[in-house]
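Asker: Required output: the full structure, derived from the provided sequences and hints.
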Amino acid sequence: MRYFNVMILGPTQSPYEGGVFKLELFLPEEYPMAAPKVRFLTKIYHPNIDKLGRICLDILKDKWSPALQIRTVLLSIQALLSAPNPDDPLSDNIAKHWKANEAEAVETAKEWTRVYASGA
Amino acid sequence: MMVRPAYNPYQHHHYYGNQGNGWVGMRPFQPLPPQPPPPFVDHQSAKKIRNDVNVQKDSIRVEVDGENSECHVVSFTLDAMVDGSITIFYFAKEGADHKFSPLYPDAHTPVKLQFQKGLGQKILQPSGTGIDLNFFAVDDLSKPSTGEDIFPLVIVAEAGSETLLTEEQVNQHPPTSNAQITQAVLEKNSAGCFQVKVIKQILSVDGVRYELREIYGIGNSDKESFDDNDPGKECVICMSEPKDTAILPCRHMCICSECAKELRLQTNKCPICRQPIEELIGIKVTNSSQ
Chain E
1 MRYFNVMILG PTQSPYEGGV FKLELFLPEE YPMAAPKVRF LTKIYHPNID KLGRICLDIL
61 KDKWSPALQI RTVLLSIQAL LSAPNPDDPL SDNIAKHWKA NEAEAVETAK EWTRVYASGA
Chain H
1 MMVRPAYNPY QHHHYYGNQG NGWVGMRPFQ PLPPQPPPPF VDHQSAKKIR NDVNVQKDSI
61 RVEVDGENSE CHVVSFTLDA MVDGSITIFY FAKEGADHKF SPLYPDAHTP VKLQFQKGLG
121 QKILQPSGTG IDLNFFAVDD LSKPSTGEDI FPLVIVAEAG SETLLTEEQV NQHPPTSNAQ
181 ITQAVLEKNS AGCFQVKVIK QILSVDGVRY ELREIYGIGN SDKESFDDND PGKECVICMS
241 EPKDTAILPC RHMCICSECA KELRLQTNKC PICRQPIEEL IGIKVTNSSQ
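Taken in order, these protein sequences are the chains called E and H.
Read in order, the letters of the first sequence correspond to residues 1 to 120 in the UniProt record's numbering.
Read in order, the letters of the second sequence correspond to residues 1 to 290 in the UniProt record's numbering.
Derived from the structure by calculation, the hints contain no laboratory data.
Computed from a prediction, not measured in an experiment: that's the story for all the values here.
Here a beta-carbon is modelled for each residue, glycine too, at the ideal position from N, C-alpha and C.
If a hint is listed, it holds; no wrong ones were tucked in.
Within a straight-line C-alpha distance of at most 25 Å, the following computed SDA-like cross-link-like pairs (lysine to any residue) qualify:
id : chain 1 : residue 1 : chain 2 : residue 2
1  : E       : K37       : H       : E262
2  : H       : K269      : E       : M33
3  : H       : K233      : E       : E30
4  : H       : K261      : E       : P36
5  : H       : K112      : H       : F100
6  : E       : K61       : H       : N268
7  : H       : K261      : E       : E29
8  : H       : K117      : H       : R50
Here chain E is said to cover these stretches of chain H; the calculated rule only asks that three of the stretch's residues, wherever they fall, bring their Cβ under 8 Å from a Cβ of chain E:
id : stretch
9  : 251 to 264
10 : 271 to 277
Answerer: Listed below in structure tokens is the structure:
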């Protein structure tokens, strides 16, 4: 059992609040010595997540530690939703939008959450 | 707590095994070798050293002498497997022979107390042998002197009572020595009372000195009471075996020996703090008191 379908809730007080986001999580052969591969399946408007759902998060790359677990990885992803970091973007356009007009970008993120992550 | 030699003889052999053959100067155009091999990581077992006397680090207090409110006396809890003696020094300087001597003998004469074996005994410096701390600047009391290793408070606990031996006896059975040295500073808290802060504890066994340092996570690692449902005792990597290996220099005891082997091949970083691993030490924790 190496492949998981995951659902995480958008954190409260974030543009993703109320959303239910589907992800796929794959544990490679080397896990836990190597990081799990995680990808959003639900479309999400976030500067550190690209349109293929790939996530820019250090603990999934060079900062992986074998002491981390599926639970802590998902917590980190939830935290990333609460604290977008447009200075280290994966989606250039979304990051530019975020830096140029954060209020408007947040509105777009809320809109995407309503449209794509309603849980239906 | 565990001990390791303060001066590790192996530490200097980890790197650069092939240097020093004199070729570097002879062949200036030889390109540098591509990459030094990854540092060899020792995986060794902890050596057990018995300390006969232990001043409990967190139990040390300085309090106002009941009979002389200008002076302070020291109190602490002591574990002693044998009889022995305690010496309390203020501003003690360590000589080359590892004997301590007071820097200001006029201000305070070191106090030597005899004790009998017993665990958890409360030691209180006798009234009248205390020190007038107001004599010193708070700044001097709150830090060790730089370079010279003079600590405001030094407690030396020595195992064994002093008996005079003939030269012949000494030759046949050289006396073993077992002492614990606690070096501390005194800080004033917000209420204006002095508090003891231990900087270093050293164990001296037959002339070899070991610095006592805590291992993080050793407290909940003993095998006998290992319980599958207690996450604190499991190796953080496999989460099934009890942890039995500590990582140096960060002192995180968090993995089992099998995962330690694997970790050496995969990465050289501590899973808890990501500091590079220099040594792995297997520690068998048993709860049996000897």
